[in-house]
Each structure stands twice: as structure tokens, then as C-alpha cells.
Amino acid sequence: MVFGKATALTVASKRYRLDLLGDVAAKVTQVTEQAKEFMVACYGVKKWSSMTECRQHVWAQKTGKTSSAPKLCSLPLTTEAFHENVLRAHLQVAIWRAALSGDPPAMDPVHFGWETDHVNKCLIPRNMCQGTAYAPENVLKLVRCSCDSEKACRGGKCGCMSRQLPCTVFCACGAASGVCHNPFNLKNDGENNMEEEC
0 MVFGKATALT VASKRYRLDL LGDVAAKVTQ VTEQAKEFMV ACYGVKKWSS
50 MTECRQHVWA QKTGKTSSAP KLCSLPLTTE AFHENVLRAH LQVAIWRAAL
100 SGDPPAMDPV HFGWETDHVN KCLIPRNMCQ GTAYAPENVL KLVRCSCDSE
150 KACRGGKCGC MSRQLPCTVF CACGAASGVC HNPFNLKNDG ENNMEEEC
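The opening position of the sequence shown corresponds to residue 0 in numbering that gives the first Met the number 0, with each subsequent residue numbered one higher.
Treat the hints with care, as some may be off.
[Said to hold, decoys possible] With a straight-line cut-off of 30 Å between C-alpha atoms, the simulated DSS-like cross-links for lysine-lysine are:
(1) LYS13 with LYS120
(2) LYS64 with LYS120
(3) LYS70 with LYS13
(4) LYS13 with LYS61
(5) LYS45 with LYS4
(6) LYS46 with LYS64
(7) LYS4 with LYS46
(8) LYS64 with LYS150
(9) LYS150 with LYS45
(10) LYS45 with LYS26
(11) LYS156 with LYS61
(12) LYS156 with LYS120
(13) LYS13 with LYS26
(14) LYS64 with LYS26
(15) LYS45 with LYS64
(16) LYS61 with LYS120
(17) LYS64 with LYS13
(18) LYS46 with LYS61
(19) LYS45 with LYS120
(20) LYS70 with LYS46
(21) LYS45 with LYS61
(22) LYS4 with LYS26
(23) LYS26 with LYS70
(24) LYS45 with LYS70
(25) LYS46 with LYS26
I should point out that these hints are in silico values taken from the structure, not numbers from a laboratory.
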């Protein structure tokens with residue numbers, strides 16, 4: 000997380016609420032949506048349809064301001080990881096709300112972001128649903144250049160071009176037509192046009 004308690008309190012004092020968290024009558028989709036709106040506001044970005052889009056936006060902002068990649072811990076969670084965190088928080092707050100009644104909620108932790116560790120006979124947090132990739136293969140191979148001259152991405156100094164990769168929005172050139180002259184961009188554009196015609 001890149002923000003602290005003061006930011007969270009400021010956001011909470013505005014119109015953003017978390018009152019559905021721990022409410023056993025609330026639908027999980029509503030709880031997740033409310034938590035998403037709160038977290039997106041904490042990162043200081045405008046409304047996004049998913050946490051993954053918010054993460055991409057924050058990452059693009061951070062990479063545009065520095066030549067090194069941002070630390071992953073400073074980025075919002077992906078939609079899938081965020082969902083698991085919300086499930087655990089929802090369960091925990093529901094237990095806290097029922098603490099004085101002596102009647103804990105009938106919520107199975109396995110359905111709320113936890114997995115059973117049968118060997119150690121305990122619960123462990125589930126970070127992502129089984130089968131969800133931690134990152135797309137293309138992202139794992141992502142390279143970005145810092146070309147920003149009038150003749151950006153024309154020579155071997157361009158990190159993308161030297162690796163025979165197209166430039167992206169995360170490069171200093173922004174892969175903008177008229178600015179970026181990486182020939183692999185043109186090749187990919189042509190391939191995409193051919194695929195659309197088929």
C-alpha cells in the first residue's frame with residue numbers, strides 16, 4: 000500500500016463508506032464494490048471499473064515519473080487478489096461485530112478468502128483463486144524504453160527496438176504515432192489489421 004492511515008481517514012470522512020463490511024446480510028458483490036470505491040479513492044485516482052485497471056493506471060503514472068519500475072507493493076492489488084482480501088476482511092469484521100453477542104456468524108472461512116492447510120491443521124490466506132495467473136505472460140516479458148527525442152526509437156539504443164519488441168504506453172515515447180519510430184510497432188499494427196480483416 001502506498002498510502003497511510005491519514006489518507007484512509009480522509010477518504011472515510013468524505014462520501015466513501017465501508018458500512019457493508021462485516022454485514023452478514025450484505026451480498027459479497029456489494030461489499031466488494033464498496034471496498035473497491037474506497038480503495039481507488041485512497042490511491043487518488045478517478046473511478047475505475049476494476050482494481051486491475053486502477054493498478055494499471057497507477058503503474059503508468061509511476062513509470063512515467065521515474066526511469067525505474069515501481070515497487071509492486073506500492074501498487075493497488077489486482078481485481079482477483081483484492082477480492083480475496085475483501086472476503087477475509089468481511090469475515091473478520093463480521094466476527095468482531097458479533098463478538099459481544101456470543102453468537103459468531105455462520106460463515107465458512109474457506110468461502111471467505113482462506114484455505115485449509117491439512118498438514119498443519121490451520122487456515123492460510125488465499126491470495127488468488129486457483130488457476131488465476133499472477134501476471135499475463137506478455138507483462139512478465141515487458142520491456143520499456145526511455146527514448147524521448149524527436150527521432151525516438153530509431154536506433155539500437157532503443158531498448159524495445161533492440162529486443163525486436165513494439166513500444167507500449169509505458170515507454171517514454173508512449174508508442175505515439177508520429178513520435179515513436181519503432182518499426183516493430185508498424186509491423187504489429189499491420190498484423191492486427193490483417194487479423195481484423197480475416
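Now for the hints, and whether the structure bears them out:
1. LYS13 with LYS120: 42 Å, violated
2. LYS64 with LYS120: With a Cα-Cα distance of about 47 Å, the restraint between LYS64 and LYS120 is violated, given a limit of 30 Å.
3. LYS70 with LYS13: 29 Å, holds
4. LYS13 with LYS61: Holds, because 26 Å separates the two Cα atoms, which is no more than 30 Å.
5. LYS45 with LYS4: The given pair, whose Cα atoms are some 20 Å apart, holds under the 30 Å limit.
6. LYS46 with LYS64: Cα-Cα ~22 Å, so holds.
7. LYS4 with LYS46: Holds: LYS4 and LYS46 sit about 21 Å apart, inside 30 Å.
8. LYS64 with LYS150: Roughly 21 Å separates the two Cα atoms, so the pair holds.
9. LYS150 with LYS45: 34 Å, violated
10. LYS45 with LYS26: 25 Å, holds
11. LYS156 with LYS61: 23 Å, holds
12. LYS156 with LYS120: 55 Å, violated
13. LYS13 with LYS26: The hint holds at about 23 Å.
14. LYS64 with LYS26: Cα-Cα ~39 Å, so violated.
15. LYS45 with LYS64: 19 Å, holds
16. LYS61 with LYS120: Measuring from Cα to Cα gives roughly 42 Å; hence the hint is violated.
17. LYS64 with LYS13: 29 Å, holds
18. LYS46 with LYS61: Since the Cα atoms of LYS46 and LYS61 sit roughly 18 Å apart, the hinted pair holds (cutoff 30 Å).
19. LYS45 with LYS120: Status violated; Cα separation ~43 Å.
20. LYS70 with LYS46: 23 Å, holds
21. LYS45 with LYS61: Since the Cα atoms of LYS45 and LYS61 sit roughly 16 Å apart, the hinted pair holds (cutoff 30 Å).
22. LYS4 with LYS26: 27 Å, holds
23. LYS26 with LYS70: Violated, because 33 Å separates the two Cα atoms, which is more than 30 Å.
24. LYS45 with LYS70: The hint holds at about 22 Å.
25. LYS46 with LYS26: With Cα atoms ~21 Å apart, LYS46 and LYS26 stay inside 30 Å; holds.
Of the numbered hints listed earlier, those contradicted by the structure are 1, 2, 9, 12, 14, 16, 19, 23.
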